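Trainee: Sequence:
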Amino acid sequence: MKIKFKKCIGLVILLSVLVVPNIIYAASYSTSYSFKNSVSGSARSYSAGKINLSLSSTQNTTKGLYKPASSSFEVELYRQHVLYSTYIGNFYAPRDGSKSSGWTNMSVGNYFVRLSKIDDGCYINGTMKMTQ
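Position one of the sequence shown corresponds to residue 1 (the working numbering), numbered consecutively onward.
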């Protein structure tokens with residue numbers, strides 16, 4: 001009787017490990033970007049709390065052929081759902097320089113960043129780090 005009980009307990013534990021999805025949340029990720037008008041990153045999983053974003057960018061005017069329409073570009077955060085995305089908020093980052101910002105009280109979920117600017121012919125190149 002004790003052997004059957006132990007086997008049942010072992011089977012329940014094994015099934016719970018296999019059936020219950022294991023979710024691993026990213027503590028941080030880094031990426032590089034290059035865009036002329038806009039670019040969106042991949043959705044990443046984050047736990048509840050604050051999401052921080054740091055960017056470092058340079059602007060390429062293609063040897064002076066293009067004149068920048070502004071000195072900044074927009075950074076937007078979205079939460080990805082199964083069939084749609086929810087806009088969370090935005091800030092503006094310099095085309096040449098660095099900027100850090102963040103969002104507080106975020107719930108567990110998948111989030112992605114969209115970078116955009118006026119299509120003035122200039123390219124923005126840089127690196128981004130998203131942490132929690």
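For the record, the hints were derived by calculation from the structure and aren't laboratory data. As the structure is a computational prediction, the values presented were derived from the model and not from experiment. Some clues are possibly wrong.
[Unchecked claim] Computed Cβ-Cβ distance ranges for the label pairs, DEER-style:
{"hint": "1", "residue 1": "G97", "residue 2": "E76", "range": "13 to 21 Å"}
{"hint": "2", "residue 1": "N105", "residue 2": "T61", "range": "18 to 26 Å"}
{"hint": "3", "residue 1": "G64", "residue 2": "T86", "range": "22 to 30 Å"}
{"hint": "4", "residue 1": "A43", "residue 2": "S101", "range": "30 to 38 Å"}
{"hint": "5", "residue 1": "K63", "residue 2": "L83", "range": "14 to 22 Å"}
[What the hints assert, rightly or not] Capping the alpha-carbon separation at 30 Å, the derived lysine-lysine pairs in DSS-like fashion look like this:
{"hint": "6", "residue 1": "K36", "residue 2": "K99"}
{"hint": "7", "residue 1": "K67", "residue 2": "K129"}
{"hint": "8", "residue 1": "K129", "residue 2": "K63"}
{"hint": "9", "residue 1": "K129", "residue 2": "K99"}
{"hint": "10", "residue 1": "K50", "residue 2": "K99"}
Even for Gly, the Cβ is constructed at its ideal location relative to N, Cα and C.
Trainee: Determine for every hint whether it applies to the structure shown.
Mentor: To see whether the hints hold, each was checked on the structure:
The beta-carbon spacing between G97 and E76, approximately 19 Å, falls within the hinted interval of 13 to 21 Å. The hint said 18 to 26 Å for the Cβ distance between N105 and T61, and at roughly 39 Å that hint is violated. A hinted range of 22 to 30 Å is violated for the C-beta pair G64 and T86, which are about 41 Å apart. The hinted range of 30 to 38 Å is not satisfied by A43 and S101, whose Cβ atoms lie roughly 19 Å apart.
Checked against the hint of 14 to 22 Å, the C-beta distance between K63 and L83 comes to roughly 44 Å, which is inconsistent with it. As the CA atoms of K36 and K99 are separated by approximately 19 Å, the hinted pair is consistent with the 30 Å bound. Taken as a hint, the K67 and K129 pair is honoured in the structure, with Cα atoms around 28 Å apart against an allowance of 30 Å. For the proposed pair K129 and K63, the alpha carbon gap of about 28 Å is at most 30 Å, so the pair holds.
At most 30 Å may separate the alpha-carbon atoms for a hinted pair to count; K129 and K99 meet this at roughly 11 Å. Pair hint K50 plus K99 holds up; C-alpha atoms about 17 Å apart against a cutoff of 30 Å.
Hint check: violations occur at hints 2, 3, 4, 5; the rest are consistent with the structure.
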